[in-house]
Amino acid sequence: MIANTKQLDNPKDKYFDSLKFAFYCITHPLDGFWDLTHEKRGTYAAANTILFLTLLIRILKLRFTSFIFLKVYWEDLNIFLYLASILFPLALWVVGNWGLTTLFDGKGRLGQVYMATCYALTPYPLIQFPLMIFSNFVTVDEAEFYSVVSALSLVWAALLVIAAMGQIHEYSAGKNLLFTVATLFAMLVMIFILMIFFSMISQGVAYFISLARELMFRM
Amino acid sequence: MRKKNFFLRTGMAVIALATAFLQPLQVSANTNEGSYTYNYDYWGDYMDSADFYNSCKVFTSSELGLDVKLKNPQGLFADGNTLYLCDSGNNRIIELNRVSPEQLEVVRIIDSIKGSSVNTLNNPTDIAVSEDGNLFIADNGNARVVKVDKDLNFLLEFVKPTDNTLDPKLVFQPTKVVVDTAERVYCIATGINKGLIKYENDTTFSGFVGATPVTFDWTDYIWKKLASQEQRAKMESFVPTEYENIYMDYEGFIYASKARTEDQARSDENAIRKLNLLGSDILVSNGDWSVGGDLYLGSGGGYEGPSILTDITVMDNDIYVCLDRNRGRLFGYDDQGRMVFAFGGNGNMDGYFRRPSAIDHVGHELYVVDSLDNSITVFVPTQFGELVYDAIEQFDKGQYEASGESWKKVMNQNGNYDLAYIGIGRALLRQEQYEEAMKYFELKYDEDNYSKAYKQYRKIWVEDHIVIIVIVILALFLIPLTIGRIKAIRHEIDTADIFVIEKKG
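From first to last, the protein sequence lines stand for chains C and P.
Heads up, the numbering used here is the position in the first sequence plus 370, with the first residue counted as 1.
Heads up, the numbering used here is the position in the second sequence plus 174, with the first residue counted as 1.
Isolated chain P (complex conformation) (with noise of 0.2 Å):
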């Protein structure tokens, strides 16, 4: 009994020794974390933010009351109120109606179609409609992107591209898809980095379009110069990278998502492509820092490297909101390419991820599906949130002193929010109020537009001065010449023959 009372006491000891050991060591890990919603400044500062988006609802399985449980999402499209989750793990594509942020209502569950060789799906991974309606998806497991109708009859199969240049052992995995006005169709495939693969509206390929540019260190050249065969397989080759995804936005551009290397987002290369139909980037970077998530690279709970961009939607305010699938985070960009928010993490909690996948938007409302969790959780924006997005919707309007107003009460729930700063600036120059503009700008080091609003100012204050520049031009000239000249006639009468003749008599 005294023996065992021993065992014990000795175990709670070393028990308690243990955790007062390792107490120091777990906070330290979390103290890195700061509040759930962020942004960075200009000096690339982890800046607090208040919260931009809160989580309203998560809806699993249960929520949607599906008798089979989702399993494995990779797609989600919005189309109006209504949502398409691509149920990959079960082959299947649930169409759901949104009531409400907080209902959403399965309509019916399409896990078949009508009138093709092969009506079943196999891993669809991603699904688009077009405007008049029709379903594009990509049959992952079927090697196709099949076109149906909205009953689902049969229309069109686009399948792996006639191409030459591309392996002929290749199997053909269309993973994302959208489709233009003309419903042309513009895919992702794995293995395939010569861009996207495009697709005329009767099926024909028309060729690959937007591959990311090749870029390489000359070091890596000389060290790939130098290095031996096995050496040489081993290390990156020089290729193009593939997307991750895809989105076309309402204007008919594609904004496309690569996942970039250590390098290239130490280098502040952007990870968000914005595709026009020659395939060219026409992405607008003005930020202080590239579009491309995190800055920090460091490990932090478990989780490194940079961002992983695994899914983009762009909202009718030309904001766009990318998903990184690395540290579960939301990233959200305005059309000059500086960061709006950024919120999120990995973990269990609401509005914390664990392996999200995708994302899309109904308004202003965010819905982004965890393939590991099985759910989609619904952002809707805070007080703060809609005040920062009436301030950028009202200055495309054209309502600068609105913008203006909105901006300062922006201003007032976060002072350390460059963008309210910069947008009240930009709301003055707009009113000409060019003085005041300036000085906001020169706070948040905004130097474009500060010139922009000092070319008109000194230009102003050129021509309010005009009489007395003039005056002082003419006298910084005159003076001198009139000094000169008196001194010439001085020296001339001084030196005349008369005086000096007067002189030496």
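Next comes chain C alone, as it looks inside the complex (with noise of 0.2 Å):
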């Protein structure tokens, strides 16, 4: 597709543009990705925008979700650590799969990556928000509708990021799907040595603290 390269000099008018322009990607991934970047169609505005409305999604679903799809322990629930459980991979993604392609001739940058990261999670608050709603009106005999939706969403958004990867990065199909594997053994790493990081210095810091003591006591 040529693409539509229509002036918008009012910031306001951009803005809505290129959310609008989350439509189209997710409707058609490799124009859509493309332009994305490479015809500047995105904003980060508009990324931050979904990420939040994603956040927002997943917290409505918490309480307005009939209970026979989404039983909360509110006792235990921790809404930050909630929230975590999607920035965190998030963060962890858009930074292995920049590391790693910035050394492999990937042409995005970390904030195309995160931008187009983020345009691809829109199917999760366009489909779960009205699922959410319909789940307030079925029985459990017919669960199976909400559950295969829902599972339908993730699957999207799944497959949108990885061809989203492809078209920022401007890698062939069989290399992109290297790299989307490659990424996620780049998570785990990260995570190990976040792991180890955190450790030492709690370790580091619980030696200073007994030194301290140690010399309180004695003096």
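It should be emphasised that the hints constitute simulated quantities derived from the structure, not laboratory data.
Don't be surprised by glycine CBs; every beta carbon is placed ideally from N, CA and C.
Here are the in silico distance ranges between beta carbons for each label pair:
#1 LEU451/C to GLU425/P: 49 to 55 Å
#2 GLU584/C to LEU400/P: 49 to 55 Å
#3 HIS639/P to ASP511/C: 19 to 25 Å
A short, non-exhaustive set of chain C residues, derived as facing chain P with CB atoms under 7 Å:
#4 PHE437
#5 ILE438
#6 LYS441
#7 TYR443
#8 THR509
#9 VAL510
Not close to chain P: a few residues of chain C, all C-beta gaps over 12 Å, as computed:
#10 LEU389
#11 THR397
#12 LYS410
#13 LEU453
#14 LEU460
#15 ILE503
#16 VAL519
#17 VAL525
#18 THR550
#19 MET565
#20 PHE567
#21 MET570
#22 MET586
Put the two chains together into one complex; each comes in its own frame, and the hints tell you how they fit.
Laid out in structure tokens, this is it:
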């Protein structure tokens, strides 16, 4: 497709146009994600909005999904940890992907990887929100509809993320899949290193604390 | 003198220090004990409960007025107001008359029978009484189940089944026995894991029924393939487990309990099976958790592992009570497999047990035999317990309104009792108050009943609002259609020859 390169001078118009472009991206992933960066159709504001909506829907789901599908043990729920369950893997993915692809001819920059990944999340709020309302009007016999559609939103988003990375970095399909798997490994490695880092820090801090305690005890 | 005083003082100081250090340990060992009666909620959280049963009296040998003290009693059978207690260690059976829960009278002591080649009993572990009044005694040490009439005249003898698959060297040791209305005998024997041994009423062996299904992990299977001969011998083998005990309910179904392994308990497998005539399991297990006693298997007070349900009894309202010999607890379940109550524990106080072995019921009263304490503990329902029973029985009789009222009273006495909420909901559901019922079901996460109520509610709503719904749907179709049509007409007018020519002109 030849990109529609109309000039939008007003930043507000640009924002709404880039937000609307998310719909084009999820229905025409290859074209859409190419234009997203190469034709500068996407904006960070729109990417942030999509991410914010995703997080918002994820929290709303807890309260407004029918208990048939989602039973929440409120006593044990930490809303920040719950949000981190999206934000942390996202951050790992973005950093891991950029770190790897930048060494192997990837054309995408860190910000572009973030933007494209956020755009690829669009199906989640788009499907989960109506689904959340729908869940209150069904019985257990009709639960299959819910689970199928819910799974669909996740699979769709996952495929979009893969497609987006290929377009951003200008990779061939094979290389793209290879680097998707490699990024997943990179995420694991980063988690491992973070865990070592944190345990070392905590041990280091504990050492100095005990040293100080000992000193206070002696003096 | 001074020196002695010094020793005394240091000694005292050491003792004081030791107790000071030990105290927190002792306290922490006791803190996991909640109330005597408890239940589990949807999340498996431990919920304190109002007492469901009170121990009314404990009968030991002296209370019963026995000359020879009870020794390792293993079985109990209630037939109306007559209780048969198998005093296995003394090779006798004691027939008791229940006058009231506080008064048991010894009627006779059965230690020998008439007309058999072996006229004494040897370690009788269980007894069952048929409708005709004949006694069936699992005469463990004599390798037989013996049938005698009520005057103890020998009638028949059920011996080791002639079956090729049985090891010929195996000594037949029947431990538990039940008998159906046609006097067919079902028994469990030590070392036979093929299911219940079934005899026709003329002592012919007619097969094994209801063997427990063999389950194993595929990981276990792989390990076994890799293990050496010696290692394999040490592993658990993939064979059916033996049943612990059996009970025949008033409808002729056999409730059988088996000891679960820790893995089975963790995967929430039922420990109780309800066997029909074909030997298949028809137990309803609609509760939040499996029928198997405690959910937490960790050690507490020196006991760990899953509950071992050593005996069961089924009341006429389909509530069955299981006796856990591991932690000395009683678990009641309703016909849907939901936990009604759990109480008890190991200890020396009344209402606690040391090694419980058998349970039976008269009406709503429970009689529990302790084989180490050599006693019978009688439990009577509290007011709270009676209310729950009332509510359940009223529901079974179809008195839904009364049942709902009773459940409300139950809820007033114990707001943490999930069955009360679901009970109120079910009563409302039967009274066709669907919206109210949905609220109660949602509170306790009962999705099946909620769906039942919601389906009706939705149907009624749609029927009431059918006109609006039709109008909305029509509007959704017609408005875009008319708009399109108008646009088409306008377009036609705009492009019509006369106007175009006019414009040009």
